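Q: One line per chain: the protein sequences are Z and Y, in this order.
So the first sequence is residues 1 to 346, counted in the numbering used here.
So the second sequence is residues 1001 to 1293, counted in the numbering used here.
Since the hints were made in silico from the structure, they are not lab data.
Quick caveat: nothing in here was measured; it's all calculated off a predicted structure.
Note that beta-carbon positions come from the ideal geometry of N, C-alpha and C, so glycine has one too.
Any given hint might turn out to be false.
To be verified - Take a look, some chain Y residues computed to stay more than 10 Å from chain Z by CB distance:
| # | residue |
| --- | --- |
| 1 | L1008 |
| 2 | F1037 |
| 3 | N1106 |
| 4 | S1107 |
| 5 | G1110 |
| 6 | V1144 |
| 7 | A1219 |
| 8 | Y1256 |
| 9 | P1269 |
| 10 | P1281 |
Stated by the list, open to error - So, partial list: chain Z residues that the calculated Cβ filter (under 7 Å) puts toward chain Y:
| # | residue |
| --- | --- |
| 11 | A149 |
| 12 | G230 |
| 13 | A233 |
| 14 | I291 |
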Amino acid sequence: MSAKRLRPAAWGVVVLLAVLLPFFFNAYRVGQFTQAAALAIAVLGLNLLVGYSGQISLGHGAFFALGAYASAISITDLGVPYLLTLPIAGAVCALAGFLLGLPALRLRGLYLALVTLGVAIATPQIIKRADGLTGGTQGMSLDKITAPAWSGLADDQWLYFVTLAVAALMFVVAGFLVRGRVGRALVAIRDNEIAARTMGVDLARFKIGVFAVSAMYAGVGGALFTISIGFLAPESFPLALSFAFLAAIVVGGLATIGGALFGALFIEFVPVYAADVDEALAGVIYGGVLILFMYLLPGGVMGLVRRISSTKATPRGTDDAQAGAGHRLGGGAADAGAARERVRAQ
Amino acid sequence: MDRFIQVLVDGWATGSLYGALAVAVVLIYRATGIVNFAQGELAMFSTFIAWGLMQAGLPLGLAVLATLALSFVGGMLIERVIIRPVEGGEVLTLVIVTLGLYILVNSLAGWIWGFGNRAFPSLFGDGSFDVAGAAVPYESIGIVVVLIALVAILFAVFQRTKVGLAMRAVAMNPESSRLHGISVGRTLMIGWGVAALVGALAGVLIAPRLFLDVNFMGAVLIYSFAAATLGGFDSPLGALIGGWIVGIAEGLAGTYVDFIGSDLKILVPLTVILVVLLIRPTGLFGSAEVARA
């Protein structure tokens, strides 16, 4: 089977597994898978920004939080039906992403990382301060969503399928985005900004655009996550959350779509099992994994999957162009990094 | 008026501490072009070592000296083992690796020492004296003096010694330095060692003002990034002065701007970083970088 046919087949298996899943696990586990699906949306959004366009954000926990609160406030204060709050959360975050994208235009690499890190650190404080809206440190509770009678599903299964459907839609949209003109433009910006501009890529439009889209994904993910948990407080969105998102895209594979699934499952379930051993173990694993993956597996899990499938399916890797996208970033020193020589004017 | 002077003095001392960590960040940036996101956590880890040594019966002064030495060695090891393989790589790779180090060190400390907080004694005692009606703690003066001395020593090392010359050469052009017989790897290791030592010093000076726990450097890090950004990322003196400005601005904003109060002080460094980067990206004392495509 060629790699071309392997990809739809693999996605088919993933979708089949995802649909069958809630019928084999208890409500608690199904809730965790729901949260993983919600996280996957946010992780995918971050990967669009970091993996594809090369803009570093250490602060996606802030958009996740913003989406969560936009949804929760719409539900409790305005009485908006649960699912209609998703577009609201998405729109609010897209706007916020657009606004943060404006200064990001002038901030490259490290500096953007610094600013977004600051945003992530400030987030819980700002939520606490805006206690009129957010309930401050008390947090807000949401009633659990109930399944409509016609569906014949339990509440947790219903929410799982809703989240899964939204996630599937977001994945398909992202897939079309990155495989087309937009994706090529983003990768061109990442690999060589000057060359991209020469080829007629409108840098400002794409960089701000991808920031807004990425924030929108994080916001929708945050809204679904919170609906599933049923409670949110400033402490739900610590700096560690932003770091977890970053760990997720590295584990799944930078500049991949499917990697978000692996990454989200990783950050949903590793803390659950690690906490049995020690409260600190999850962090040790996150940190260790971030470093080790950059050395050993810069393409993440998806990079590994592609390498295996392309060596088996196509002996002389015709699929290398795609597999290469992930490796590029990590393997760094050889190409773009070296081409841009640093000279100090002193 | 008393209150105003009090705020100024406190801000100056706090700012010196931000400056101290900023100096550590700047040292590594100068040497390797890497912003070490783990700098604060390494300082936290060092401070815990000092605390552990004191628990083992060492007097404070001796514990701090031993900690500085251990941190120097630790910094060199980290450069050799963790950073060397990705040195010269892309920004994204470097950011991810140092963030990995951040999370790893933070969690390891939590694993070893737990997440509770502890009091840490000050090197300068608890006394204070009066200046124009404001009580100035000896600690504040001590911190400022130590930091000025530190920057002076670093300046002397960079400008007057062979090691310092080698470090400047490696920062400017590793290839040419190697051709001139400088061991680039060893020089970078020393750079990381010195940075870890300076960070450890910052840690033991900051800990008495806050409580020692695994996250106590988290917020300090963003203030020192603000200090380094304001001073210019490649200037130790700039980092110190940047720290002073940020510290005093934080104190004034927290005291006199009702909207900010004590909750939203964190917005001060964030604003400083954004404004400086957008208006004058090289900071006050930094040198411009020219990119060749």
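Q: All hints are to be evaluated individually against the structure, with a verdict given for each.
A: Hints, verified against the model:
Against the 10 Å criterion, L1008(Y) stays outside the reach of chain Z, whose nearest CB is about 24 Å from its own CB. For F1037(Y), the non-interface assignment is contradicted: its Cβ lies about 7 Å from the closest Cβ of chain Z, within the 10 Å cut-off. The claim that N1106(Y) is not at the interface with chain Z is violated, since a C-beta of that chain comes within 10 Å of its own (minimum 6 Å). Consistency note on S1107(Y): stated as away from chain Z, yet its beta-carbon is not over 10 Å from all of that chain's, at 3 Å minimum.
For G1110(Y), the condition that its CB be more than 10 Å from all CB atoms of chain Z is violated, with the nearest at approximately 4 Å. In this structure V1144(Y) is separated from chain Z by more than 10 Å, as the shortest Cβ-Cβ distance comes to about 26 Å. Look at A1219(Y): its CB is around 7 Å from the nearest CB on chain Z, not clear of 10 Å, so calling it non-interface is violated. Remark: the non-interface label on Y1256(Y) is consistent with the geometry, its nearest Cβ contact in chain Z lying 17 Å away (cut-off 10 Å).
Listed as a non-interface residue, P1269(Y) fails to keep its Cβ farther than 10 Å from every Cβ of chain Z; the least gap is roughly 7 Å. A beta-carbon of chain Z is positioned within 10 Å of the beta-carbon of P1281(Y); the least distance is around 7 Å. Checking A149(Z) against chain Y: minimum C-beta separation of about 46 Å lies over 7 Å; hint violated. Because the closest C-beta pair between G230(Z) and chain Y is about 26 Å apart, greater than 7 Å, the hint is violated.
Hint status for A233(Z): violated, given a least beta-carbon distance of 15 Å to chain Y, over 7 Å. Interface hint at I291(Z): satisfied, since its Cβ lies 4 Å from the closest Cβ of chain Y, which is below the 7 Å cut-off.
Of the numbered hints given earlier, the model fails hints 2, 3, 4, 5, 7, 9, 10, 11, 12 and 13; all others are met.
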